[in-house]
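Visitor: Starting from the known structure of chain A, fit chain B onto it as the hints suggest.
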Amino acid sequence: MVSVDCHLHLGVVPSQIPEWWLTEMYRPYGGGALANYDGQWVVDLLDRSGVDVGLVQGGDMRRTTFSPDHPAEHDVFVPNDYTAEQVALFPDRLKGVAVIDPIRDMGAALEELDRCVKELDFRALKLLGSYLHFSPNDRRLDPIYERCIELDIPAHFFTGWTPIIMAKLEHADPVHLDEVGRRFRDLKVIIAFADPWIDQCTLLVAKHPNFHADMYHYSELGPEPLFEALNLFRSLSALDRVLYGSNNSDKVRVGRAEATVPDVYRSVNRVARELGAEPFTDEEMAAILGGSAARLYGLGG
Amino acid sequence: MVTIDCHLHVTEVPEHAPEWWVREMYAPWGWEVGSVDGSAIVEHLDATGFDIGMIQGGDIRRTTHHPDHPHDRRVLVPNDYVAHQVALSGGRLYGVAAMDPLRDIPAAVLELERCVKELDFRLLKLVPTYHHYNPKDRRLDPLYEKCVELDLPVMIHTGWTATINSAMEFQDPIQLDDIGRRYRDLKVIVAHLGYPWVDEGVAVVAKHPNFYAEMAGWTAWGPEVLAGALSKLKELGAINRVVFGSDNTDARDLYRDARRIARSRGTAITDEEMAGIMGGTAAELFRIKG
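So the sequence lines, in the order shown, correspond to chains A and B. Just so you know, we're using this note's numbering here: the first sequence kicks off at 1 and counts up by one. Just so you know, we're using this note's numbering here: the second sequence kicks off at 1 and counts up by one.
Source of the hints: derived by calculation from the structure; they are not laboratory data. C-beta: ideal position from N, C-alpha, C; glycine also. A hint or two may mislead.
To be verified - Computed cross-link-like contacts, DSBU-like style, restricted to lysine-lysine with a CA-CA straight-line distance of at most 35 Å:
#1 B:136 / A:188
#2 B:289 / B:117
#3 B:289 / B:146
#4 B:207 / B:146
#5 B:207 / A:168
#6 A:168 / B:136
#7 B:146 / B:117
To be verified - Derived Cβ-Cβ restraints for the label pairs, each shown as a range:
#8 A:295 / B:32: 23 to 31 Å
#9 B:151 / A:68: 52 to 60 Å
#10 A:105 / B:68: 33 to 41 Å
#11 A:237 / B:209: 39 to 47 Å
#12 A:286 / B:66: 31 to 39 Å
For reference, chain A alone in the conformation it holds in the complex:
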């Protein structure tokens, strides 16, 4: 069965992303490499991780990006056309995710979403409420959700904490997605899980039959927390809506060793054995690592 990473970022420094912005993003983690994440970089990551297909996204945060020390450098903009260009270089390995700033211009956002899906064959929409200063339940977003249903693509929401200072934490609480789920029952939603509202994310997915979990939060944790999370999904009959995502993470430190992120997934049954818990079946693991995503994004394989 095909394996799929649903959460991968593209971006070139400094032409698309100012250096200060990435420095701010990586600040809590002791700094990070200011790498250029192009299609080749992502495909190399997929190869190292043994993953077949990656969903890649750019970003448009021009309207809300600001640092008092760098007032003129506020264009965080990785255009959809750049994503399409990189996807075209690796058509069997990469699929595009549309990014828009719906508050900047709703009409233009809808046109761009149409174009991304119909002309560029993108498979999802990414929305960044906290970065773009809107709450997901803001009624101004309704046309976007209606268009996602019409186009039959999932809307992938960033939730939770980010070190970016200008991001608004009040819009990062996933509880705002509940109203979206109540009002748009046919909308397919992917929640990117993040601290500090992990349990709320899990229960949102358990509550709404069209909600899915992007597990990128667990990509830098060991197998024990991942087992606990998957076990909770299983107990809530929502395991078939769990998606593997790496957020460009490559290696995970497990004790003294390093493992690839999919290897961490594959080791959850060791944890199950140690705890005397029921192991996950091969079918369940295959669905998490790609089967469910393939269904959601309309991928063959």
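Guide: Quick look at chain B alone, frame taken from chain A:
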């Protein structure tokens, strides 16, 4: 000492609630949909070793909706049905008043008075997440004032439910803090202790001397979570304000395992404290003699 399960539901399906509604609520666990009357609750009490049960109905007509069942939205277990089940129970059951305050506030206040003075109910249940209001909404004030006047505790649902049309934005128990500040004499039971907002639930209970913690339905979350909550409540001096509720599940193993886990981590819940949780505290709160 008397043992009391203060969180039990009675419902006849489909007379009181459409099948789809019960099925949706049970969906994560795939439980069988069926009717639960007073005699079934007494059997549940016998099986789980409790003397007394507090049973509640509900009126969720105003906010119940499913796009596939647009006309099948009558969720109403009347207080009179609850009273009838109590009357048949031979002293094993006590009634809990349930109403939709936003449907008609003056009528809700009158109904509450009737439930207490005529039907001898011992508790009011409010379900803000199902009814789409914030518990600190000032429109609720007449109801809280009436509870203080009647010396009646109010149990407020906090935390998650699988019912899709419930509003998660009204599940965080932090929203009860305003009530605690403004109605210091109001006795509040924080139902489900806000799971997954457990830290917030512990915080409001520990802060307000008339607030009580109740963890009904936590069989779904497991003993680790319960052990953590009980330990924090003990550390903060609120372990004597924990009351047992099952939400119609068998929670005996849950409490036994949680107590063991808490002990292994250095927090001993004493036999006396456990007796308080299992009924002593509730007996005092609901004026039930052993």
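Visitor: Please go over all the hints and tell whether each is borne out by the structure.
Guide: Okay, the hints, checked on the actual structure:
| no. | hint | in the structure |
| --- | --- | --- |
| 1 | B:136 / A:188 | 33 Å, holds |
| 2 | B:289 / B:117 | 18 Å, holds |
| 3 | B:289 / B:146 | 24 Å, holds |
| 4 | B:207 / B:146 | 23 Å, holds |
| 5 | B:207 / A:168 | 29 Å, holds |
| 6 | A:168 / B:136 | 25 Å, holds |
| 7 | B:146 / B:117 | 12 Å, holds |
| 8 | A:295 / B:32: 23 to 31 Å | 29 Å, holds |
| 9 | B:151 / A:68: 52 to 60 Å | 57 Å, holds |
| 10 | A:105 / B:68: 33 to 41 Å | 36 Å, holds |
| 11 | A:237 / B:209: 39 to 47 Å | 40 Å, holds |
| 12 | A:286 / B:66: 31 to 39 Å | 33 Å, holds |
Against the hints set out earlier in the document, no violation occurs for any number.
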